[in-house]
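*Asks:* Chain residues, written in single-letter form:
Protein chains: 2
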Amino acid sequence: MSADLSTVHLIERHRATLDKALEAVRTREYWSPYPEQLKAYPEAEAGKAAFEALLGHQFELDQPGTDEWTGSERSPYGMELGVRYPHPDPDRLLPAMRAALPAWRDAGPEARAMVCLEILSRINARTHEFAHAVMHTSGQAFTMAFQAGGPHAQDRALEAVTYAYAEQIRVPDSAQWIKPQGKREPLDLRKTFTAVPRGVGLVIGCNTFPTWNGYPGLFASLATGNAVLVKPHPQAVLPLALTVAIAREVLAEAGFPSDLVCLAVERPGEGLAKTLALRPEVRVIDYTGSTGFGDWLEANARQAQVFTEKAGVNSVVVDSTGDYRGMLANLAFSLSLYSGQMCTTPQNLLIPRDGIETDAGPKSYDEVVADLAAAVDGLLGDDTRANALLGALVSPEVKGRLEAAPDLGEVALASRSLKHPDFPHAVVRTPAVIKLDAAKPDAEAAFMAECFGPVSFAVAVDSTADAVQLLRRTIRDKGAMTVGGYTTSPEVERQLEEACWEESAQLSLNLTGGVYVNQTAAFSDFHGSGGNPAANAALCDGAFVASRFRTVEVRRPA
Amino acid sequence: MSADLSTVHLIERHRATLDKALEAVRTREYWSPYPEQLKAYPEAEAGKAAFEALLGHQFELDQPGTDEWTGSERSPYGMELGVRYPHPDPDRLLPAMRAALPAWRDAGPEARAMVCLEILSRINARTHEFAHAVMHTSGQAFTMAFQAGGPHAQDRALEAVTYAYAEQIRVPDSAQWIKPQGKREPLDLRKTFTAVPRGVGLVIGCNTFPTWNGYPGLFASLATGNAVLVKPHPQAVLPLALTVAIAREVLAEAGFPSDLVCLAVERPGEGLAKTLALRPEVRVIDYTGSTGFGDWLEANARQAQVFTEKAGVNSVVVDSTGDYRGMLANLAFSLSLYSGQMCTTPQNLLIPRDGIETDAGPKSYDEVVADLAAAVDGLLGDDTRANALLGALVSPEVKGRLEAAPDLGEVALASRSLKHPDFPHAVVRTPAVIKLDAAKPDAEAAFMAECFGPVSFAVAVDSTADAVQLLRRTIRDKGAMTVGGYTTSPEVERQLEEACWEESAQLSLNLTGGVYVNQTAAFSDFHGSGGNPAANAALCDGAFVASRFRTVEVRRPA
Chain A
1 MSADLSTVHL
11 IERHRATLDK
21 ALEAVRTREY
31 WSPYPEQLKA
41 YPEAEAGKAA
51 FEALLGHQFE
61 LDQPGTDEWT
71 GSERSPYGME
81 LGVRYPHPDP
91 DRLLPAMRAA
101 LPAWRDAGPE
111 ARAMVCLEIL
121 SRINARTHEF
131 AHAVMHTSGQ
141 AFTMAFQAGG
151 PHAQDRALEA
161 VTYAYAEQIR
171 VPDSAQWIKP
181 QGKREPLDLR
191 KTFTAVPRGV
201 GLVIGCNTFP
211 TWNGYPGLFA
221 SLATGNAVLV
231 KPHPQAVLPL
241 ALTVAIAREV
251 LAEAGFPSDL
261 VCLAVERPGE
271 GLAKTLALRP
281 EVRVIDYTGS
291 TGFGDWLEAN
301 ARQAQVFTEK
311 AGVNSVVVDS
321 TGDYRGMLAN
331 LAFSLSLYSG
341 QMCTTPQNLL
351 IPRDGIETDA
361 GPKSYDEVVA
371 DLAAAVDGLL
381 GDDTRANALL
391 GALVSPEVKG
401 RLEAAPDLGE
411 VALASRSLKH
421 PDFPHAVVRT
431 PAVIKLDAAK
441 PDAEAAFMAE
451 CFGPVSFAVA
461 VDSTADAVQL
471 LRRTIRDKGA
481 MTVGGYTTSP
491 EVERQLEEAC
501 WEESAQLSLN
511 LTGGVYVNQT
521 AAFSDFHGSG
531 GNPAANAALC
541 DGAFVASRFR
551 TVEVRRPA
Chain B
1 MSADLSTVHL
11 IERHRATLDK
21 ALEAVRTREY
31 WSPYPEQLKA
41 YPEAEAGKAA
51 FEALLGHQFE
61 LDQPGTDEWT
71 GSERSPYGME
81 LGVRYPHPDP
91 DRLLPAMRAA
101 LPAWRDAGPE
111 ARAMVCLEIL
121 SRINARTHEF
131 AHAVMHTSGQ
141 AFTMAFQAGG
151 PHAQDRALEA
161 VTYAYAEQIR
171 VPDSAQWIKP
181 QGKREPLDLR
191 KTFTAVPRGV
201 GLVIGCNTFP
211 TWNGYPGLFA
221 SLATGNAVLV
231 KPHPQAVLPL
241 ALTVAIAREV
251 LAEAGFPSDL
261 VCLAVERPGE
271 GLAKTLALRP
281 EVRVIDYTGS
291 TGFGDWLEAN
301 ARQAQVFTEK
311 AGVNSVVVDS
321 TGDYRGMLAN
331 LAFSLSLYSG
341 QMCTTPQNLL
351 IPRDGIETDA
361 GPKSYDEVVA
371 DLAAAVDGLL
381 GDDTRANALL
391 GALVSPEVKG
401 RLEAAPDLGE
411 VALASRSLKH
421 PDFPHAVVRT
431 PAVIKLDAAK
441 PDAEAAFMAE
451 CFGPVSFAVA
461 VDSTADAVQL
471 LRRTIRDKGA
481 MTVGGYTTSP
491 EVERQLEEAC
501 WEESAQLSLN
511 LTGGVYVNQT
521 AAFSDFHGSG
531 GNPAANAALC
541 DGAFVASRFR
551 TVEVRRPA
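Chains as they are written, first to last, in UniProt numbering: chain A, 1 to 558; chain B, 1 to 558.
Rather than coming from a laboratory, the hints here were simulated on the basis of the structure.
All values derive from a computational prediction rather than experimental measurement.
A couple of the hints might just be wrong.
The list treats identical chains as one, so a pair stands whether inside a single copy or across any two.
List of simulated lysine-lysine pairs, DSS-like, C-alpha gap at most 30 Å [stated by the list, open to error]: (1) K183 - K39; (2) K20 - K183; (3) K179 - K39; (4) K48 - K419; (5) K20 - K179.
The shape of chain A in the complex, shown without the other chains (with noise of 0.2 Å):
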């Protein structure tokens, strides 16, 4: 790599682009600079032969403070894939990072979004390799980890950046304040705004998302000055390792210190991103992960600004339709899509125990239930389609709670287990869907905690109105990622608005075709509200943005 990464080189290849995402994130229109089409990167079977080069070796990162090397992932198709990586000693590594930020601070927020653009160009054109670490370490299928965590990533990563330029340049580099004084001689000052850094981010990734999930608060922190240390999901590790390392390299190449971006890879058991998130260094903390170690980050680390993404209850209120069929498959598709081990995958179907009114006709709850099992098994019924939608479980825990999700009422669609043609130790399992009733004491304790996985529940209620009342609750009291809502009626649009707008959660409302309520799209639908117990914050506003620096003025007479 000869490239020439002065700013203004950088600005000639990357500046357009930006300009586009800035409209983008006006317009909320459709855009996307980083096709998600596999056929658009040609380059499959080399990012084959890169990714399978890395695996049984040890992952080069030439960043200070390394201990020791460490590294336990396993695949969820089955593999080692035993790689080691860099173990930080804090005390190290921290200090390196913090000397780094005065030159990436004097760069500015323009040479800064720059830098960015062209590691994001180069994960880009390494999506193939990108593809293959995401579906390791994840367990999605191959096309969801090329998408999901290709260029669906690269999009909210670009828009972390855009947010945070947009928000940098609200104020001028300089001012001059003349301020009449009648008769006398004007009051004259000029006045410089530079936008600071906070100090360290930390970004603890997560298992099911790494760079989708990722992306966003390390793009964020670095495009607003900040070090970025990346503190990787133990079992997954290496699409991140990758990151950072292009990130190394782009820094360098452009005259920065490598340092403001780098690896922590933890131990087994060690509990490293509570040591980390404690440091004084650490000013901004991005989290997706667990309820219980979010909160206890949000309680804890009060030096930092922290940004979680928790669990939450996602519910859809199935009130009525006019395209039955296609609120079906729609609905399949949803819960099958990864297993259902997507934040946003619906839990809660919400359906009036005396049944729905449809083009097809009324249809009773239990016709609703049974339909959509048949929509799953339809959907499911080849292995082969089967396979590429529901990629393997994660984890032993996801597998865990599907075990035991029978034992929580009426079995309406069996989970069904699926032989992958490729990795036979892969564990597949279609999406289970169970039957509770609302009015029964016993089912809320079921129906009202995240059961992350493939397993849904239809929930027997009342009437739409008190369907539209439980999902009030649902938000409030366990938080939402997604709402979705099915209906005809005016009406009951109004009042699925009204529960979101007071609960402040994201709805999608009749979803009969290619869009699911679990896919969100970059420059254009927010990823959560930031305003329910599911994440206090949202992909991608101002608020996630703006606090990550601050506005330093030198003022002196003119």
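With chain A held as given, fit chain B onto it using these hints.
*Replies:* Relative to the frame of chain A, chain B by itself:
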């Protein structure tokens, strides 16, 4: 008042002002819509009479949930105000406030901004009345109460409304999202985006600047769709009660529930702020006051976004100057204004023990301190002018600290007691300057603690480099709302800038004329940085408004 307060009419009246404010915060050039000259407000007598008519009476607000009447304000100028205010039953008041939210949310960002501007316009028209109310609660001299409590506070309020409006309209009301699907039909969604409030915003006022420090949070929360409950300092209720009354009047006339803005006055010693801050309805808190309670709020009011301005230790580094007289005059004014009872008043003057270079020749440490003392004496030599600058001490605690100051070190300038011509019971004091040597072990305990009031320390340091080190440590450990510096050396300027960039503090360099380190101008200067322990927010930036609301998206097939 028979005004037509339809949104159309309000836009006609106020939209141009909002547009100018939007431009002002972008350019940071001088601008203010509210004149600061007393002569711009002819209603001096009527304003005074209106203030006097309030004294000794019950302050009617017609708000729900009032369970008794309370009030114990005593002017720092000596008289009891005798005003009684509604004391709330939170169980009745807060639900009424929440019930007011949907109509306010549905109004949208522009209508909310216009209503806020109408409120400010009516407050502005009553600036004389407010000036007396601020004077007799804070102890500020009349002119300062008029300017800082009137137009300058109104400026800060408008600035907050401006940021709030700008933040909410970054996302469009609706968008059509059309994603190409190759040869298939494109995916086509219609999306709406609604700014939704957090809930009830709680404003916890302070004694010294009830309007200036209270307005930004009040108007930022209101403009972002929240209801606002104002809990004033028990000794500075009247200016905020007037504000609440005007807000309620305008809201009702504009067709909105007046309970969107309510007042909560505590019984003596009740600790009402603590009770209200933990209520689940309260989702935003703005607080100005002691570090102890600010830290408590940040740690305990976890259900709310908490914005705090707490205590800090402000330093001025004196390295050298090209205008010795100007420097002394400027510092003398800064120390004297409102008897040093501003959160922005310099406390520690860091002066090399070997003296400094000036345009009037080299000056030893002792000479600089003596000349500063003489400058203060000169400034305050005339009792009329001194009274007009100093105002009265706000509380017995400030008086106690001033009286204890001589025990802390060598007195370079003794505080002097003045008689006020109109208010014989006012406690009026000139500032004290105490000499301390940073090299002596016991000195640090004195100058590293905030000594709020008319006490400054002339701290002898080894060198300018030593001063910059001490400055950094002071900001990092104790926080600072302001930093000043005097130097003719570009290198020292750069060291001071670097220190303030790294420690996140606002720096004023070489002020020798009519701008003072303790004064900031809305639309141009930031008050605080939000990046050091003195405050977790700055007035005003994107971070001050962005998390007060959330954006809820509803998407449906087009």
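*Asks:* Which numbered conditions among the earlier hints are violated in the structure presented, ordered from lowest to highest?
*Replies:* none
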